[in-house]
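**Student:** Now for the letters of each chain:
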Amino acid sequence: MSEWERVLWKKQAYADNYIPPSFLSSLRRNANVHPYTYAPLVLASCAIIQHISAVFILLSAFVHLHTMALDPRLLVWVSILCFLLGYTAWELTQARTNTSTEMRWWRAKAFKSSILVFLALLALSPVLKTLTEATSSDSIWALSAFLLGLNVLLADYSSSFDRTTTKLTSVLSMNAGISASVVLASRLSSNLSVFALILFAVQLLALLPILRKYLNTSPLRILISTALLITASGVLIMPISSALAFVQGGILAFIGLACPAVLVWAQKYKNEIKGSWDPAVPQLR
Amino acid sequence: MATKSLNIAMVCDFFHPVAGGVENHIFMLASNLIRRGHKVIIITHSHPSTRHGIRWMIPGIKVYHIPFKTLVSSATLPNFLTFLPYLRPILLRERIDLVHGHASLSSLAHEGILHSHLLGARTVFTDHSLFGFDDATGILTNKLLEAALRNVDAVICVSNTGRENTVLRASLHPSIAHVIPNAVIAEQFRPSPTLLDTTTINIVVVSRLAYRKGVDLLVATAPRICSLFPNVNFIVGGDGPKLVELLQMREKHMLQDRITLLGPIRHKDVREVLIEGSIFLNTSLTEAFCIGILEAACAGLYVVSTRVGGVPEVLPEDMISFAEPEEDDVVRALSDAISHVSRGNHDPHKAHERVRGMYDWAHVAERTEVVYRGVLDSEPRELWDRIKRTASLGIFAGPIFMIILVVDCYFFMFLEWLMPREDLHYVEQEWDTRRFTDICRDELQEQQA
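From first to last, the protein sequence lines are chains A and B.
Counting from 1, position 131 in the first sequence corresponds to residue 131 in the UniProt record's numbering; the numbering is continuous, with no gaps.
Counting from 1, position 411 in the second sequence corresponds to residue 411 in the UniProt record's numbering; the numbering is continuous, with no gaps.
Derived from the structure by calculation, the hints contain no laboratory data.
Don't take every hint at face value.
Stated by the list, open to error - List time: in silico BS3-like cross-link candidates among lysine-lysine, alpha-carbon distance up to 30 Å:
1) A:Lys11 x B:Lys388
2) B:Lys4 x A:Lys268
3) A:Lys10 x A:Lys167
4) B:Lys350 x A:Lys270
5) A:Lys129 x A:Lys112
6) A:Lys11 x B:Lys143
7) A:Lys10 x B:Lys268
8) B:Lys350 x A:Lys268
Claimed, not checked - Over the 12 Å line for every Cβ pair with chain B, so calculated as not near, a few chain A residues:
9) Leu27
10) Gly86
11) Thr135
12) Val171
13) Gly275
14) Val281
15) Leu284
Said to hold, decoys possible - Restraint ranges, calculated between C-beta atoms of paired labels, are given here:
16) A:Ala15 x B:Leu195: 54 to 62 Å
17) B:Glu245 x A:Ser137: 50 to 58 Å
18) B:Asn231 x A:Lys11: 53 to 61 Å
19) B:Glu245 x A:Ala261: 25 to 33 Å
20) A:Pro20 x B:Arg381: 53 to 61 Å
21) B:Arg190 x A:Asn32: 42 to 50 Å
22) A:Asn32 x B:Leu77: 46 to 54 Å
23) A:Val117 x B:Glu245: 38 to 46 Å
24) B:Arg190 x A:Tyr36: 40 to 48 Å
25) A:Ile140 x B:Gln248: 32 to 40 Å
Computed from a prediction, not measured in an experiment: that's the story for all the values here.
Glycine included, each C-beta is placed from N, C-alpha and C at the ideal position.
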């Protein structure tokens, strides 16, 4: 009896349900799976912790402004200080990668737009203060909670550098965050408070995510920046409610320590099946 | 017992008047089974305003159109129980021995297999396509398929690759999965009687112009081939979402006189298109069998194809050139094929005769009948065994499908009480092909006289 061949055009002396020795020989299991290890996952989840801490910092700043415990002038100065610090960090990370003429152009652009945002916010703050006067506070809390949830959900936590393509979701995330801070600010009592909160929100929700990518390049930097943000949020939340601070600590520990452990544990169920039946990916030049 | 003719019901969402590979397969298999002396009925859904109720098709296939709404691309919504009130009287009055479901995206086929054991009919299922394990379609439908095929008696796949795929998707024992390929009607794909001149070579592409058919590769390679070989032209038949990209490519490279786009073509006109050329190009990215290259080879064309799915099993090495699904390799394979054909090394008539000897629907029907006989000779599963097997599907799917199976049994008992078997109108007189032929012959003679 001649040997079985994997062809259909030949009439073979084997039954149609003959199981050849080569059956399923093209099957590949977990061929291109790189198992995750715990430490890199913890480092990768630091970006999420940083973002959530920033949201908590913004919320506690709002509460302190709302209860008049914080002078809005102080917050404006803090914002300006943060901006200068952040800008210096940005300059330091950029110095190596770009040419001097490009940098000059970038600097002029950044200076112009920061002055513009500053003045526009200052001019608009009376309008924003009365923006939602006719709406009840309960609706505002619900709306801002929803928008901040959206902001956290859609933010770009990746660590890849690709300046040419901005993901649509990260733009949506930023918009949701700024909208949340605008509706929250409209509950505040003075024009200066409104201005201070929105300025602070722009720093935390629009500029910090851009800077975050360039800061999170080495494990040490990630840990230092994460620790700073967690401490800042803890210090600001503690006076409001110690229970809330514990809840925040619990959430951050769950995301940073427990979730990576669950992912590492769940990998033993990974079963990726590849074979000759998979659609090919065309390779074009 | 071995010579007793069988009563077979083919169940599938995809059937005439819609045109396609599965539809054609069912029709050809049914007509060849009838030729072998069996009775075949087809159960499909209705096509509003044109096809309802019962229709007859030559040569004596009775088609039942069930009034079900279609969801997308001619598939009905999975509803599990509501098919039973239709299926039960049909299987009883036609005295069906065996239900043969087709196509894994056809919920009618799945439900036919689910209900058949209640009426004592055995089940066979044919899978026509390949599915991955990591895309949305695969994740959603593979569990449904596994549940439907949990208690099936035999499975037929169209290629060895398809068999491996189905065995994995539905967690089957490989011994119940059979490989029976498609076939081609050689008479419908005769090569051109006149010899084509070898100074200009036409490359023919006939395919649905969609991503899965690898149109991107065609768009990338056609201009390169045109600039490499001034005597080579392309003829592209078919319609689809990627037609626009072909049009743009033709415009961009000013190839309007070199690349002919024919648009949609009917299956009966395919031969006319094929015999215009001497090389057939298939750039599919996934394919269980690929009837297109078989038809082209039968019409005497030399075939160039991507090496994907079941394609390498279809034709012997000297009738086809393979390329990896990469732009450079397709150009390489096409260049080789062009020099092979222009040297006159490919004889269309010899190729036609070889394909004629390889693939034949009568042979497919014969092999399918062997599967049917094997199933009917085997012992059917007990209900308790079915329930246990269904429960072992998984912690979530198991209980769900077990409940469906048990409720189905109660629903069947209710139907037995509501519409007793004795009150049904049984089919007393079967279609007699010989008598039909005699009557036709008499008519013809009368007309001529």
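**Student:** Confirm or reject each hint.
**Tutor:** Hint by hint, here is what the structure shows:
| no. | hint | verdict |
| --- | --- | --- |
| 1 | A:Lys11 x B:Lys388 | violated (39 Å) |
| 2 | B:Lys4 x A:Lys268 | violated (53 Å) |
| 3 | A:Lys10 x A:Lys167 | violated (53 Å) |
| 4 | B:Lys350 x A:Lys270 | violated (51 Å) |
| 5 | A:Lys129 x A:Lys112 | holds (26 Å) |
| 6 | A:Lys11 x B:Lys143 | violated (34 Å) |
| 7 | A:Lys10 x B:Lys268 | holds (27 Å) |
| 8 | B:Lys350 x A:Lys268 | violated (55 Å) |
| 9 | Leu27 | violated (7 Å) |
| 10 | Gly86 | holds (41 Å) |
| 11 | Thr135 | holds (40 Å) |
| 12 | Val171 | holds (26 Å) |
| 13 | Gly275 | violated (7 Å) |
| 14 | Val281 | violated (7 Å) |
| 15 | Leu284 | violated (5 Å) |
| 16 | A:Ala15 x B:Leu195: 54 to 62 Å | violated (43 Å) |
| 17 | B:Glu245 x A:Ser137: 50 to 58 Å | holds (55 Å) |
| 18 | B:Asn231 x A:Lys11: 53 to 61 Å | violated (39 Å) |
| 19 | B:Glu245 x A:Ala261: 25 to 33 Å | violated (47 Å) |
| 20 | A:Pro20 x B:Arg381: 53 to 61 Å | violated (27 Å) |
| 21 | B:Arg190 x A:Asn32: 42 to 50 Å | holds (47 Å) |
| 22 | A:Asn32 x B:Leu77: 46 to 54 Å | violated (37 Å) |
| 23 | A:Val117 x B:Glu245: 38 to 46 Å | holds (43 Å) |
| 24 | B:Arg190 x A:Tyr36: 40 to 48 Å | violated (60 Å) |
| 25 | A:Ile140 x B:Gln248: 32 to 40 Å | violated (51 Å) |
Figure legend: structure checked against the earlier numbered hints; hints not met, in rising order: 1, 2, 3, 4, 6, 8, 9, 13, 14, 15, 16, 18, 19, 20, 22, 24 and 25.
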